[in-house]
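Could you put together the complete structure from these sequences and hints?
There are 2 protein chains.
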Amino acid sequence: MKLESRFWLEQGGEKVFGKGPCVLLETVDRLGTLNKAAAELGMSYSKAWSIIKRAEKQLGFLLMERTTGGVDGGGSSLTPEGKQLIKNYRLFCEEADAFLDELYKKYFGDI
Amino acid sequence: MKLESRFWLEQGGEKVFGKGPCVLLETVDRLGTLNKAAAELGMSYSKAWSIIKRAEKQLGFLLMERTTGGVDGGGSSLTPEGKQLIKNYRLFCEEADAFLDELYKKYFGDI
DNA sequence: TTTCGTTATACTTATTTTTAGATAACGTAT
DNA sequence: ATACGTTATCTAAAAATAAGTATAACGAAA
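Line by line, the protein sequences give chains A and B. Quick note: the first sequence uses our numbering, first residue 1074, plus one each step. Quick note: the second sequence uses our numbering, first residue 1074, plus one each step.
Everything labelled a hint here was simulated from the structure, so no lab data went into it. Any given hint could turn out to be false.
[Said to hold, decoys possible] Computed far set for chain A versus chain B, every beta-carbon distance over 10 Å: (1) S1078; (2) E1138; (3) N1161.
[To be verified] Pairwise CB distance ranges (calculated): (4) A:K1088 to B:K1120: 19 to 25 Å; (5) B:E1113 to A:K1120: 33 to 39 Å; (6) B:T1141 to A:K1156: 57 to 63 Å.
[Stated by the list, open to error] Here are a few chain B residues that face chain A, going by a calculated C-beta distance under 8 Å: (7) M1074; (8) L1076; (9) E1077; (10) Q1084; (11) F1165; (12) Y1180.
Small disclaimer: the values here were computed from a predicted structure and weren't measured. Glycine included, every Cβ here is placed at the ideal spot set by N, Cα and C.
This is how it looks when you write it as structure tokens:
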């Protein structure tokens, strides 16, 4: 038995940002394109795209900067706001998980 | 913008207990029957029943004690283990939420 | 013995959510 | 001009979830 937790930002009852977008953005940051990121994460490009699109729409600012065309086809890189957001989300999750692990032991340590 | 969080117990990759079963059990505890609890929560009886059934199967013990028959048709009440579980889950969520609210302010207070 | 409102369970249908696939635009180098 | 690998977008399919339906057992009271 173990504890699972999930955290996300909401606005008006709609999910704005959470683990899914965060992992995806981190992968984009590492690989340089949304296409490759989707492939590495085992999801379709269209799904990856819609995840980013929805988050951006709710947030009101861009998470990635895109380029199309050119010999390499183009690619995506994180905006400063995107980088800051995933950084904060990661730090949040780290601290939260550490605390919740202790809390779990306190209340469910015996099951 | 606000933070949302969800916590649940897992075993072997399968959800065992979380907010859904907890709310349902609390309602059963208050109303005395699973039937009425399902109605009040706006879900079908069959769904309510399957929620309890799955949780009990994963946990390995009964969450409700059932009676059928009699002039009132019967009803359900929580077992001591069931009461303890929802109590602990509630306390866990309370402490967790309080902590996470502060953490939220720390990392996302400005958005 | 009939009635009543429960629980228990299986099975079918609806709805919602998720996922995949197709197509077009883009721009640089060849 | 062509080719290439991106991004962008829409539509259809599939899967997961939930709802609904039907039937049986139960037991106290009328």
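Tell me the hint numbers this structure goes against, listed in increasing order.
Numbers 1, 3, in rising order.
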